[in-house]
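Colleague: Here's the letter readout for the chains.
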Amino acid sequence: MSDTRVRNVGVDLQDANEENLRLVQAIVADNDGAQVTRMPGLVRVQVPSCMTIRRETVETHLGREWETPEFQLAIVSYFGHISTWEDDEIVIKWDH
Amino acid sequence: MARKLSMKQRYAALTRDLDWTPSYVDEEKLFPYTRFEGIKVNDWAAWEDPFRLTVDSYYKYQAEKDKRLYAVIDSFAQGQGHLSLSDASYINAMKLFIQGVTPIEYAANRHFSFLARHYNGPGPRFAALCQSVDELRHTQTEAHTLSAYNKYYGGFHSWPKQFDRVWYLSVPKSFIEDAMASGPFEYLIAVSFSFEYLLTNLLFVPFMSGASFNGDVPTMTFGFSAQSDESRHMTLGLEAIKFLLEQDEANVPIIQKWIDKWFWRGYRLVSLIAAMLDYMLPKKVMSWKESFELYFEEQMLEGLFKDLEFYGIRPPADVAVAIAEKEHYSHQAYWTLYQYSYAAGFTTTIPDAEHLDWLSAQYPDTFDKYYRPLWEKAAKIEADGGRFFNTGLPQLCQVCQLPMLFTEVDDPEVVAVRDTVFEGERYHFCSDGCARIFADEPEKYVQAWLPVHQILQGSCGGPTLPEVLAWYGFQDGDSGEYVGSADQIDWQQWHSDEPVRS
Amino acid sequence: MPVTALYPEYKYPSRSRQELYGDDILVHVGLRGNRLFAAPSTHRVPPAMTFAAFLTDIVTPWVSSDPELDPQGLRGWTLDGSAITPEDTATLADLGVGHKSLLTFEA
Ligand SMILES: [Fe+2]
Ligand SMILES: [Fe+2]
Ligand SMILES: [Zn+2]
Chain A
34 MSDTRVRNVG VDLQDANEEN LRLVQAIVAD NDGAQVTRMP GLVRVQVPSC
84 MTIRRETVET HLGREWETPE FQLAIVSYFG HISTWEDDEI VIKWDH
Chain B
196 MARKLSMKQR YAALTRDLDW TPSYVDEEKL FPYTRFEGIK VNDWAAWEDP
246 FRLTVDSYYK YQAEKDKRLY AVIDSFAQGQ GHLSLSDASY INAMKLFIQG
296 VTPIEYAANR HFSFLARHYN GPGPRFAALC QSVDELRHTQ TEAHTLSAYN
346 KYYGGFHSWP KQFDRVWYLS VPKSFIEDAM ASGPFEYLIA VSFSFEYLLT
396 NLLFVPFMSG ASFNGDVPTM TFGFSAQSDE SRHMTLGLEA IKFLLEQDEA
446 NVPIIQKWID KWFWRGYRLV SLIAAMLDYM LPKKVMSWKE SFELYFEEQM
496 LEGLFKDLEF YGIRPPADVA VAIAEKEHYS HQAYWTLYQY SYAAGFTTTI
546 PDAEHLDWLS AQYPDTFDKY YRPLWEKAAK IEADGGRFFN TGLPQLCQVC
596 QLPMLFTEVD DPEVVAVRDT VFEGERYHFC SDGCARIFAD EPEKYVQAWL
646 PVHQILQGSC GGPTLPEVLA WYGFQDGDSG EYVGSADQID WQQWHSDEPV
696 RS
Chain C
7 MPVTALYPEY KYPSRSRQEL YGDDILVHVG LRGNRLFAAP STHRVPPAMT
57 FAAFLTDIVT PWVSSDPELD PQGLRGWTLD GSAITPEDTA TLADLGVGHK
107 SLLTFEA
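Chains as they are written, first to last, in our numbering: chain A, 34 to 129; chain B, 196 to 697; chain C, 7 to 113.
Hints are computed from structural coordinates only; laboratory data are not their basis. For each residue, glycine too, the CB sits at the ideal point set by N, CA and C. Each statement offered as a hint is correct.
Among the chain B residues that face chain A by a calculated CB cut under 7 angstroms, a handful are:
#, residue
1, 396
2, 407
3, 415
4, 423
5, 430
6, 502
Between beta-carbon pairs, the in silico distance windows are:
#, chain 1, residue 1, chain 2, residue 2, range
7, C, 17, B, 238, 31 to 39 angstroms
8, A, 52, B, 615, 54 to 62 angstroms
9, A, 116, B, 691, 51 to 59 angstroms
10, B, 617, A, 120, 52 to 60 angstroms
11, B, 691, C, 38, 42 to 50 angstroms
12, C, 10, B, 305, 18 to 26 angstroms
13, B, 586, A, 55, 52 to 60 angstroms
14, A, 52, B, 657, 51 to 59 angstroms
With the sequences and hints as input, model every part of the structure.
Modeller: And the structure:
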């Protein structure tokens, strides 16, 4: 990377139901500097450099079991590179 | 019973363990299409699918997405939802969508199922298979959602036929067929990377947000439902490009050339989206310019391309032209649709005063100077009892097939024209980008089926305009001016009889 | 540069080649300095047509949908990028107008 400016990564989620709002809260809780913005039907969370979505934190916010593939029901789009999608966490970041 | 496998183990079991090495057929014969493009793959096993999708989880989540969508469609229909749209003119955007976008989804379904057979590696084959099923789902859900409007509005009835015939729909048709006529690697860079990763956010996100804002909940829902698959497709595009760049250094210049080409092809295609965003949504969410800055300049140029720099990839050639054009793009595209809408499957109209002011505010440097005067002139023609239509058939770009409607970057009053003579015949282009694409592969683009040239050849139903429009499958009320159209009259009728809503 | 194709001798004819139009040619006509018309337009004409007939039969009907434009005052003609001064009696062929040439003018 030639300049040192911090690049954001982020996800756009459907602003559809209570569960997605809790998902947003879980992401905010795990990622310092998370910024939440809204458009009709959509909620965007972006963070500097790297975003981690942890199963445990999401489960705490939802009050139920949650599998990381369920994230596919909420996500509309993202920017960055999905570098990890495991049972316990999803990590989105730029590689270089 | 065995301990539950992790996602990683399950994915490995599905892909690697169900694959085999051919013993009595050469690999080159088994996969005949993966060499001619000059791309070198040394290790197919290095392909990573971060989603680690397996058959059971794929169907589980897709079924859930469909269940949610169809519940919304049903309740919208039961609640007479078509009456609570912002305005009947909104529906024009949906007509353009089903005519121009849905057939691309179907073409993508066909081609990904071909690729699901033809990549050497099981990882990309399975990703292509899932995407093929996704794209069929998109085709079906879009048709189902929008068929609800077909009962009430013109213009929705013959979209698959129109995609093959109508002049402005040759823009998306030639785009996807150009990609399908490429090799399997170029197709990935064209569709998965350049279109899905770089550009679909511009198409789906603000547009579906617009649907939500304009009371079209089913469209918003199918849009977001399709887009949730899109994040997988974007990932396929990004994985594909990183994989190919890492495999062999010799791949880098080939990939760069494809990025240059397909960025430009895709960008020209989304001029129709620019027109929709700024002109066809009664309630606006964001302007083309704002959306281009956010989804392309910020996320792609500032984000992604900094990552790709590592591999020796630079931003697409002509990206500076696209940036300069953001001030003009939607205005020039919709101005064209406005004056040829007598031959379109939707209607157009002069933006009202509030809309013009919104455009001035969004485009302070260009709208009042270049475009408001055109609308004022159109309004004057209308005040004198006319309606401005351009009666000449437009000259088309040989590559993107749009009318030659774009202007020079340094002079928005001069139409940009590029031409070349190839084997004794003259060809015209709308831009340096399209001219360069032709120069690289002239043998491909001389075959373009240009709608205007075909009409004049007599292959579109007959020599007169009514014959051509009949061959296009247009019916009374599909085309022309919105004010006074069947859609507008019906809408007013429905709302005048209506009891006051609480 | 040639196409990178699956097989050698990838070669197909143009779908807009002149012979598909009988004795006619296609001519593109563009109006400079007037953005009312979003794009130049394409017409099928016989090359033996005189320039005067081209003006009355092709160009005038096209530009007349601009009520402020005087179809008598068309000037500043160019053919494929070079200025020309066409005589009314010259045919399009005499002027050097070929298949898919672009003529532009101002009003
Ligand atoms: Fe799709
Ligand atoms: Fe897709
Ligand atoms: Zn073009």
